[in-house]
Structures are given as C-alpha cells and as structure tokens.
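Q: Top line first, the protein sequences correspond to chains A and B.
Heads up: the first sequence at position 81 corresponds to 80 in numbering that gives the first Met the number 0, and the numbers run straight through without jumps.
Heads up: the second sequence at position 154 corresponds to 153 in numbering that gives the first Met the number 0, and the numbers run straight through without jumps.
Hints in this document: simulated from the structure, not taken from any laboratory.
Please note: incorrect hints may appear among the correct ones.
Straight-line Cα separation of at most 16 Å, EDC-like style, residue types lysine to aspartate or glutamate; simulated pairs [to be verified]:
#: 1; chain 1: B; residue 1: K166; chain 2: B; residue 2: D156
#: 2; chain 1: B; residue 1: K166; chain 2: B; residue 2: E124
#: 3; chain 1: B; residue 1: K166; chain 2: A; residue 2: E13
#: 4; chain 1: B; residue 1: K175; chain 2: B; residue 2: E135
#: 5; chain 1: B; residue 1: K175; chain 2: B; residue 2: E136
#: 6; chain 1: B; residue 1: K166; chain 2: A; residue 2: E48
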Amino acid sequence: MTAGFAVDALEPEEAHRAERHLTECEDCRRDLVEFRETAARLARAEAVEPREQVWRALRAEAERTRQEPPRRTRPARASSRVRNLARWAPWGLAAALALFCTLLAGTLVSANERLAAQEARTAEMEALLAAADTNMLEAPLGDARATLFASYDRDAAVLVVEGLPQAPEGMNYRMWWFSGGEVRPAGVLEASGGGHHAGLAGGMGSPDQLWVSLEPEGDMAEPSGEELTIDM
Amino acid sequence: MRRGDPLAEPLRRVALGDLVAFEAVYRELSGPVFGVARRVLVDTAQAEEVCQEVFLEVWRASSRHDPGLGSVAAWVCTIAHRRAVDRVRSEQAASDRLSAAGRLEPESTPHDAVPEQVEHRLEQEKVRRCLRRLTEEQREAVRLTYYTGYTQRQAADLLRVPLTTVKGRLRDGLIKLRDCLGVTV
C-alpha cells in the first residue's frame with residue numbers, strides 16, 4: 000500500500016486507510032520517504048522549464064497570498080519516539096487525575112502560604128490534561144521514569160517522574176526547555192506523594208527537549224548541574 | 000533530521016515571507032514540477048496551471064514542511080504529482096491520453112527548454128538506465144501509475160491481472176529504482 004500511496008495510485012478510501020496506517024507503522028513511513036525521494040528523481044529526469052510568464056504570474060500571486068502559520072501540534076516524525084507518543088485517551092484522563100490527587104496530597108501539607116498558588120496550579124494542570132491536543136510521552140529520565148503530558152494549545156506540559164532520588168537539603172529539581180541551542184527555565188519539579196516528583200512546565204513553545212537538573216534553591220537562568228533529558 | 004538538504008534553508012526563509020528565497024526554490028524545482036505535470040497531463044497549458052498552483056501551495060504552507068518526512072525537493076515533487084493526478088482523474092479523459100502517454104523513457108527535452116544541460120542529461124540518463132533494469136511488468140506498473148496517473152486498480156483492470164499483482168509489481172519496481180538510483184534517507 001505504501002508504494003501505491005507514494006505515487007498517488009490509491010483509490011480515495013484506500014488512501015485514507017494508508018494515511019491512518021502510516022501513523023502507526025514506522026517502517027512504512029521510512030519506505031514512504033524513500034519512495035517519494037525516488038519519485039522525485041523520476042520527476043527531475045522529466046525536468047522542462049516552464050515559460051517565464053509562469054514565474055511572473057506566480058510572484059504576483061504570492062505577494063497577495065497570506066502564508067499559513069506553523070502547526071502548533073507537531074506532525075508525527077519518522078522517529079522511534081513516535082511509538083511512545085500515545086494520543087491522549089479518555090480512559091487515561093481519570094487515571095491521570097487520580098494520580099494528581101495523590102501527588103497534590105503530598106505537596107499541600109508542605110507550606111500553607113503556598114496553598115493559593117498550589118490551587119491555581121492544580122487548576123492549570125487539570126485544564127492541561129483536559130485539553131484536546133494533549134499528548135502523553137513516556138520516556139526514561141536517567142534511572143527514573145518520566146511521563147510528560149504536553150499541550151501545544153496551552154503552551155505547557157506536566158511532568159511526572161517516578162523513581163527520582165530525593166533532592167538534598169537546600170536543593171531542588173528544575174525543568175528547562177531546550178530548543179534551537181537555547182535553554183529556558185521551565186519551573187520546579189516538586190516532590191510529592193508516593194515517591195513521585197511532579198511539575199508544571201509553562202512557556203513550552205516548540206522545544207526539542209525537556210531537561211531536568213538538580214540545582215541550589217533560588218532562581219537560575221540556566222542549569223548548573225548535570226541535566227537529564229527527554230527528547231520531545 | 001535530514002542533513003545537507005540544499006533547499007532546507009531557502010524554504011525556511013520562504014516561510015518568513017522572503018520572495019528572493021522563494022524565487023531560488025522556484026528556479027531549482029520549476030523544471031521537475033512543470034515536467035512531471037506535463038508528462039502526466041500531456042497538456043502544456045494545464046501543466047503551467049498546475050506548476051503555478053504547486054508553488055503557490057509551497058509559498059503558503061512552507062512553514063509546515065516536515066524535514067523528517069523527506070527533502071524539500073521530494074515534498075514539492077509529491078505535491079506536483081498529486082495535483083497533476085487529481086486533474087487527470089477529475090477529467091476522466093484517461094483513455095484519450097493513454098496513447099500519448101505511452102512512452103516510458105523520460106521525454107527528450109526540447110532544445111529551447113533545457114535546465115543545466117549536462118547535469119540534467121546525466122540525471123536523465125541515470126533514470127533511463129535504471130528503468131531499463133526493471134522487468135517489463137514492473138516498468139508497465141510504474142508507467143501506468145506514476146507517469147500516466149492511473150490508480151493501481153485501474154492499471155489492474157487495463158492489464159487484466161489481479162490488483163495484488165499490480166501492487167507487487169509497483170512495489171518491486173520502486174524498490175529496484177530506489178536501489179539503482181542510490182536513494183538513501
């Protein structure tokens with residue numbers, strides 16, 4: 000089906016099926032990329048320059064045509080990570096909310112004066128989990144296991160980590176967004192119930208990676224400790 | 000993901016509204032786009048329209064090209080082929096074109112319209128040589144689908160063979176071409 004799809008030789012309903020299948024089949028996606036590169040070579044062998052009028056008309060048309068903004072939700076990439084990127088499913092929502100109740104139960108007792116901030120953050124986390132475009136990514140984080148819920152619409156992600164060692168006194172875990180060679184602070188990862196760490200990372204943008212590092216308490220512009228990374 | 004795609008940077012600038020970069024992309028790919036559209040449509044005026052449509056789509060959607068899904072050239076050629084094929088199918092004048100599209104060899108280019116002569120001749124020669132390595136059946140499957148714009152089912156009906164046979168021939172043909180042309184991703 001991939002070969003037929005690559006040269007536009009499928010009937011419409013077959014093409015729809017192929018498109019769906021391609022989102023799940025990594026090998027097929029690789030085949031598709033190769034077949035399309037092959038077809039492009041066939042096209043190059045056919046190369047004939049069109050008349051110059053075509054360019055002039057096109058240029059005029061382009062000048063009055065609005066360009067589309069980049070997609071906020073990134074399309075599936077031909078990468079092994081795509082397999083881990085499970086589309087958010089309704090059954091997961093209840094489970095995740097239950098998980099957060101446990102997590103928050105652990106943090107709420109820590110400091111009364113932070114209660115209001117904590118509640119605001121809980122609301123933000125719940126909104127993020129309910130967002131239509133939220134994706135879940137599971138990945139190792141050093142020796143620990145991380146689950147990341149990310150929403151491009153809400154421009155934020157919730158990171159839950161299981162198995163991260165307790166931060167020493169006076170230190171905490173911080174999250175960082177890494178994209179295009181730049182690092183931006185993304186918030187604090189706090190210890191919570193059941194040996195988990197959790198945090199809300201805002202200002203996501205379109206990051207390449209999320210980093211976690213152990214830092215002295217207080218604001219930092221960039222990580223000083225060794226960072227653990229999750230590829231987005 | 001893809002390294003060394005010479006059109007990746009120009010396309011990035013196209014997404015920022017850069018008309019100079021847009022012209023650079025156009026100059027590089029207008030030949031293949033127009034050529035493949037003309038080959039499928041067998042009509043110069045329609046091929047020009049398709050060419051314009053294709054590059055306007057490139058202009059509009061340049062920010063959405065995903066390098067993980069192939070080179071800029073492959074992306075643009077894919078759009079071109081699909082648009083040409085869509086026209087052919089909406090026309091449903093396929094039988095008229097069958098004889099005109101009967102040749103498989105890349106068309107000998109008219110002398111007034113040859114881009115980068117030597118390079119182009121070499122590429123043509125390579126593709127021609129690789130096509131010759133396919134079996135007659137595989138070549139037929141590639142010709143009827145890619146060059147003529149039939150679906151695999153239409154090709155199967157024409158050839159009076161089962162659909163799965165055509166699918167297999169097309170797949171094997173593309174794999175052979177891929178290997179012969181040294182396509183790597």
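Q: When the hints from earlier in the document are held up against this structure, which numbers fail?
A: Per hint list: 2, 6 violated.
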